[in-house]
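Engineer: Assemble chain C onto chain V, guided by the hints.
Residues per chain, in single letters:
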Amino acid sequence: MIGDMNIIEFVFQFLSQFDPVDLIKGFSAIGIGIAMIAGVGPGIGQGFAAGKGAEAVGRNPAKMNDITMIMLLGAAVAETSGIFALVIAMILLFANPFIAAAATGSVWVLAASAVACGISMVAGIGPGAGQGYAAGKGAEAVGIKPENKGSVLRIMLLGQAVAQTTGIYALIISLILMYANPFLQAGGKDFVMAFSVLGAGIAMLAGIGPGLGQGFAAGKGAEAVGKNPTKTNDISMIMLLGAAVAETSGIFSLVVALILLFANPLIGLSGSVWILSASALASGIAMIAGIGPGTGQGFAAGKGTEMVGIRPEVKSVVLRVMLLGQAVAQTTGIYALIVALVLMYANPFL
Amino acid sequence: MEGLDFIRACSAIGAGIAMIAGVGPGIGQGFAAGKGAEAVGRQPEAQSDIVRTMLLGAAVAETTGIYGLIVALILLFANPFLG
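Residue numbers (this note's numbering), protein chains in the order written: chain V, 1 to 350; chain C, 1 to 83.
This is chain V alone, in the form it adopts within the complex (with noise of 0.2 Å):
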């Protein structure tokens, strides 16, 4: 306690005495930096992509234009996250469009906007690290069997479209934000607005593990590829419905930031400001879990993936397992949506 205060009403006093325009300038700052966190995806997997290129040219130096157009192909997809964290970036410095509504809007929630959008874009890690991961594995399969670089090339893409996913989600939501903020015209209640805004982009981080894990998946499938032309589609097959499933923490956590966003529940409620943030930003912050099953549901579409090549008959035993342990495995996905669901409806402090 700090006088008759607590710790968050001092912050906010603190805030306070600052003009609009600075503390929105301040936190688009703190904003944009966080955005570029984003570049780590990238760096992992195109490190690790660099990595499969230079050892498939030592096993096969004759094809080392074939195997260094796959991996800068993969690579430059695997570019996009940390592009979209820069375009961002340099929006919120040069172009800022919270700046400009400064007048008509709250500046608590222009102010958490800004941080929200850098935070949302953090996602891009794992699409990132997931299609370098797949980069990798196409120059590693085209080293080995040249012959199949169209095959592999297209799985690879394939895979690596679907890893993009949740990173275009994050864009989307930081977009919202910026572009068509559903918070800029409604009158009270602007710390829970600002509060639910800054859950909705710390919700979209769950994008890291099914843009890991189906980056894996894709990778895989590469590789399945590239040994076994002709089973591409049994291959493909497998990849796409473990990534599906994989995609579920990507949709929950979608749908969680569209509902703090769109159809915010706890706006209307009466009780304690605090609470009613707090829960908010909580209900953002349990969505991170979907990080754990988007990875680990994508390792099990890779590694399905990758039986299905070896041996196409057993495809429906190999499917029928990973199906069932994908599905363990989403139940803490499950759990952090139930308690973001409890605190939005259900709400035991109010």
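Be aware that a few hints might be false.
What the hints assert, rightly or not - Computed footprint of chain C on chain V; a stretch qualifies when at least three of its residues, placed anywhere within it, have a C-beta under 8 Å from a C-beta of chain C:
id	stretch
1	24 to 30
2	57 to 63
3	84 to 97
4	291 to 298
Bear in mind the hints are in silico, worked out from the structure with no lab data behind them. All C-beta atoms in this analysis are idealised placements derived from N, C-alpha and C, irrespective of residue type, glycine included.
Structural biologist: Just chain C now, with coordinates in the frame of chain V:
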């Protein structure tokens, strides 16, 4: 505290956080270096091709680290919020 000082303080924090991006290329290029060393150990006669591929891929991996550095440098030396 003045408003401009608040912006400067937050910009410092943002610049520092942006450098976390360096974790990625650090890990990735390290992996590439290891695989390169392994490959050269197995096929020393392919050394120049291996190293060329490794450095090419590592250069691509460097990019997101550079983006983070650029953003940090902008926040430090060409900060549009302090104009």
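Engineer: All hints, please: hold or fail.
Structural biologist: Going down the list of hints, with the structure as the test:
Counting residues of the stretch 24 to 30 of chain V whose CB lies closer than 8 Å to any CB of chain C gives 6, so the stated coverage by that chain holds, three being the minimum. With 4 residues bearing a CB less than 8 Å from a CB of chain C, the stretch 57 to 63 of chain V meets the requirement of three and the coverage assertion stands. Only when three residues or more bring their CB closer than 8 Å to a CB of chain C does the claim for the stretch 84 to 97 of chain V stand; here the count is 5, and the claim holds. Beta-carbon proximity to chain C at under 8 Å applies to 0 residues in the stretch 291 to 298 of chain V; the threshold of 3 is not reached and the given coverage is violated.
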